[in-house]
Amino acid sequence: MLQLNAISFAYQKEEIISTISFQLKNGSTLAIIGESGCGKSTLLKLIYGLFDLDKGAIFWNNNQVLGPKFNLIPGVDSMKYLAQDFDLMPYITVSENVGKYLSNLYPENKKSRILELLEIVEMTEFATTKAKNLSGGQMQRIAIARVLALEPELLLLDEPFSHIDNFRKNSLRRKLFAYLKEKQITCIVATHDSTDVLSFADEVIVLKEGKIIEKGTPKFIFKHPKNKYLASLFGDVNEIEIDGKVQLIYPHQLKVTAKSEMKVTAVNSYFRGYYFLIEATFINQTIFFESQIDFAKNTTLFLKKINL
1 MLQLNAISFA
11 YQKEEIISTI
21 SFQLKNGSTL
31 AIIGESGCGK
41 STLLKLIYGL
51 FDLDKGAIFW
61 NNNQVLGPKF
71 NLIPGVDSMK
81 YLAQDFDLMP
91 YITVSENVGK
101 YLSNLYPENK
111 KSRILELLEI
121 VEMTEFATTK
131 AKNLSGGQMQ
141 RIAIARVLAL
151 EPELLLLDEP
161 FSHIDNFRKN
171 SLRRKLFAYL
181 KEKQITCIVA
191 THDSTDVLSF
201 ADEVIVLKEG
211 KIIEKGTPKF
221 IFKHPKNKYL
231 ASLFGDVNEI
241 EIDGKVQLIY
251 PHQLKVTAKS
261 EMKVTAVNSY
271 FRGYYFLIEA
281 TFINQTIFFE
291 SQIDFAKNTT
301 LFLKKINL
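All residue numbers for the sequence shown refer to our numbering, where the first residue is 1 and numbers rise by one.
Check the hints yourself; a few may be wrong.
[As the list claims (entries may be wrong)] Taking lysine-lysine and the DSS-like style, the derived pairs with C-alpha atoms no more than 27 Å apart in a straight line are: (1) Lys175 <-> Lys100; (2) Lys183 <-> Lys223; (3) Lys226 <-> Lys245.
[As the list claims (entries may be wrong)] Each pair of labels, with its calculated beta carbon distance range: (4) Arg272 <-> Asn133: 50 to 56 Å; (5) Asn5 <-> Asp243: 43 to 49 Å; (6) Glu239 <-> Lys219: 18 to 24 Å.
It is worth saying that the hints were derived from the structure and are not from the lab. What you are looking at is a predicted structure, and each value in this text was computed from that prediction instead of being measured. Virtual Cβ for every residue (Gly too), placed ideally from N, Cα, C.
Kindly generate the complete structure, drawing on both the sequences and the hints.
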């Protein structure tokens with residue numbers, strides 16, 4: 001189990017992490033989300049032991065995680081941390097990068113393990129390619145395979161899919177998180193991508209200005225956002241005042257109806273593939289709703305809210 005007890009950390013007297021506490025069961029996947037600069041990356045580095053805490057303590061399986069003041073080589077052997085820079089060796093092959101930390105005692109086992117990992121990240125055909133000839137997205141996939149090589153007990157991922165093309169990203173996510181569940185590898189992923197959160201995380205922590213402002217399951221936080229900041233992390237959201245009460249309503253919760261008290265005027269239409277995102281005005285407010293029909297500018301419509 002991972003346990004954080006009221007940890008705080010400041011960089012040049014500016015507090016980055018403020019009194020954070022939580023526990024994470026072994027085998028679980030936790031997503032840490034929040035706006036840029038909220039402390040996501042710093043929190044991962046603290047958990048890994050790259051920085052010294054100012055206050056509090058971190059324990060992994062009842063062993064205290066200590067920083068550079070206590071360890072000549074920072075980091076915890078049973079953890080692996082994948083930063084946003086991939087740290088690959090450019091002049092050796094993809095296979096050699098992935099197998100860098102694997103034992104050479106049983107070469108056939110090593111070869112088999114490398115092929116297994118390349119299959120997970122869909123890079124088998126690049127096994128003999130030198131890392132310097134890869135694209136940014138391909139380098140990121142190799143970096144993921146390399147941190148998986150020794151099957152860490154705890155895997156820390158910092159924006160692990162940020163450089164990967166959308167057509168490849170969905171397949172990779174499914175394979176990676178299925179593998180982590182199969183091997184019961186505990187995972188913490190810092191991300192700004194709501195798909196990482198909603199589809200694969202068991203729990204979510206939301207950070208703002210270095211503090212936890214919400215914690216729970218993805219489904220609960222998505223359905224019951226306490227404020228616009230929380231809701232906006234999952235995409236567009238409307239903040240609509242109805243009968244003197246402000247409500248947070250996602251675009252897909254608004255549907256066109258024959259008649260209602262919510263009379264709107266279409267302003268713009270954005271094609272999203274399976275639907276149109278319609279921008280409209282409602283009592284001097286700009287709102288968005290989803291529609292299967294494209295509406296021309298200045299079209300008058302009536303909307304109703306549906307529950308999730």
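Checklist line | Restraint status (C-alpha distance of Lys175 to Lys100 at most 27 Å) | finding: Holds - the C-alpha atoms of Lys100 and Lys175 are around 22 Å apart, at most 27 Å.
Checklist line | Glu239 versus Lys219 beta-carbon gap, inside 18 to 24 Å or not | finding: Holds - the Cβ-Cβ distance for Glu239 and Lys219, about 22 Å, lies within 18 to 24 Å.
Next item on the list: Decide if the proposed pair is consistent with the structure: Lys226 and Lys245, CA atoms, cutoff 27 Å inclusive.
Entry: Answer holds: Lys226 to Lys245 is near 14 Å, not above 27 Å.
Next item on the list: Return holds or violated for the Cβ distance of Asn5 and Asp243 against the range 43 to 49 Å.
Entry: Holds, at about 45 Å.
Check: At the C-beta level, are Arg272 and Asn133 separated by a distance inside 50 to 56 Å?
Finding: Taking Cβ atoms as reference, Arg272 and Asn133 lie about 36 Å apart, which means the hint is violated.
Margin query: Please verify whether Lys183 and Lys223 have alpha carbons no more than 27 Å apart.
Written below: 30 Å, violated
In this structure, the hints that do not hold are numbers 2, 4, in rising order.
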